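Colleague: Model the full assembly from the supplied sequences, consistent with the hints where possible.
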Amino acid sequence: RFVSTFLMAFIKVSCFLKIPLTRGKSARQQLEERGLLEEYRRKIPYSPAAKFLPRNEQSMVPMTFDPDTTYYGEIGIGTPPQIFKVLFDTGSSDLWVPSVSCTSSACDKHSKFNSSASSTFEAGTKTFTILYYNGYSSGITGYELIEIGNLFVHNQIIGLAETESIFLDSVPWDGILGLAFPGLSHEGGTPLFNTIWNQNNIPQNMFSMYLSSSVEGSMLILGGMDSSYFTGTMKWIPVYMATNFWNIQIQSITINGNTVACSGSCAAVVDSGTSFIIGPDKDITNINGWLGASLDQNGDATVSCGVTHFLPDVVFNINGYSFALPPSAYVLKSASGCRTGFASGTWILGEVFMRQFYTTFDVGNNRVGFAQAV
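Using UniProt numbering, the first residue of the sequence shown is number 1, and each one after it goes up by one.
Heads up, a few of these hints could be off.
Listed next, the in silico DSS-like pairs over lysine-lysine satisfying Cα-Cα at most 30 angstroms (straight line) [unchecked claim]:
(1) 333 <-> 43
(2) 235 <-> 18
(3) 235 <-> 126
(4) 43 <-> 18
(5) 109 <-> 126
(6) 109 <-> 25
(7) 112 <-> 126
(8) 85 <-> 109
(9) 333 <-> 109
(10) 282 <-> 333
(11) 112 <-> 43
(12) 25 <-> 85
(13) 18 <-> 109
(14) 85 <-> 43
(15) 18 <-> 112
(16) 25 <-> 333
(17) 126 <-> 85
(18) 282 <-> 235
(19) 85 <-> 282
(20) 18 <-> 85
(21) 282 <-> 43
(22) 25 <-> 43
(23) 25 <-> 126
For the record, the hints were derived by calculation from the structure and aren't laboratory data.
No experiment lies behind these values; they were computed from the predicted model shown.
Modeller: Here is the structure:
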């Protein structure tokens, strides 16, 4: 019996865990279908970089409305498990879902956690506030059993939102599971991934993401990387400065050998919770100019869908490596036409970049790896 128990423990930590991700219908698509996108644009400015701004109030969990984020996976919370769709967000460090006590209409369209229906729930002593660009959400904290894939994570701190901003009614996920560093936690606890590692559930202190263009096929891999999702070698970039984000340094961004942005280097956050590639207005305007894009009345950089295959690669030069982003990666097609995946803010490499490059987040060695996605 001792041998079999030992083997079970060895098997448990010797292989990584694959969590399927679904690419749902984005808030933009849902709002366009309901004819509400323009109204939301007026009410809620798009400010993807706002969650990376320094906060004086440590109980604030910054978050912004991104109408194009689409990837989510399922976790179970409590005993018996209550199932939630969560955005796996490398730009934050907290896990929160709506509570049954939520009074906002945005909660009505999402799963809500009922702590009294769980035999493993323990109430926390802290409240938390999710700060939005245009409002906030607040709630309580607690400790729960989390089921993720075939793992059970014990005594994990979670936030239960009791009010939510209106923009959350149209996102395809219920809550957020943060995958940034512990120092960024505003709930004051250990982030879920770190708890998984601390409880000896995975073989390596890293996780990786494959983001597919299709509805199905995307994957979050806890405890390693899966070479079936990429070609060539993993190219490693050290985390730049101690920001608690997955922050890296880009040396330059070029088109046809010409430096078009990030001249003299710049720092960028690798963020699965941001849909576009974001950069300072001057740089983004220059990139879009080189691509022949023009701004429409909503401020989107649009291009003719018929000429996209003639557009050049946008090359990111990082740590001595060149990562070429072809037009098939950075031109986004929707019912209203084609637009580029470059928008204004502070530098963020979001889904547009991560779909092209399988991304590994190596917590143990403080580095990020990119490889050509298949």
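Colleague: Look at each hint and say if it fits the structure.
Modeller: Against the structure, the hints come out as follows:
1. 333 <-> 43: Roughly 24 angstroms between the alpha carbons, so the hint for residue 333 and residue 43 holds.
2. 235 <-> 18: holds (22 angstroms)
3. 235 <-> 126: Roughly 41 angstroms between the alpha carbons, so the hint for residue 235 and residue 126 is violated.
4. 43 <-> 18: violated (38 angstroms)
5. 109 <-> 126: holds (26 angstroms)
6. 109 <-> 25: Status holds; Cα separation ~14 angstroms.
7. 112 <-> 126: Answer holds: residue 112 to residue 126 is near 19 angstroms, not above 30 angstroms.
8. 85 <-> 109: holds (12 angstroms)
9. 333 <-> 109: holds (27 angstroms)
10. 282 <-> 333: holds (24 angstroms)
11. 112 <-> 43: holds (26 angstroms)
12. 25 <-> 85: holds (13 angstroms)
13. 18 <-> 109: At roughly 28 angstroms apart (the allowed maximum being 30 angstroms), residue 109 and residue 18 satisfy the hint.
14. 85 <-> 43: holds (26 angstroms)
15. 18 <-> 112: holds (25 angstroms)
16. 25 <-> 333: Holds, at about 14 angstroms.
17. 126 <-> 85: Cα-Cα ~24 angstroms, so holds.
18. 282 <-> 235: holds (29 angstroms)
19. 85 <-> 282: With a Cα-Cα distance of about 37 angstroms, the restraint between residue 85 and residue 282 is violated, given a limit of 30 angstroms.
20. 18 <-> 85: holds (16 angstroms)
21. 282 <-> 43: holds (25 angstroms)
22. 25 <-> 43: Roughly 21 angstroms separates the two Cα atoms, so the pair holds.
23. 25 <-> 126: Given pair residue 25, residue 126 is violated - Cα atoms ~34 angstroms apart, limit 30 angstroms.
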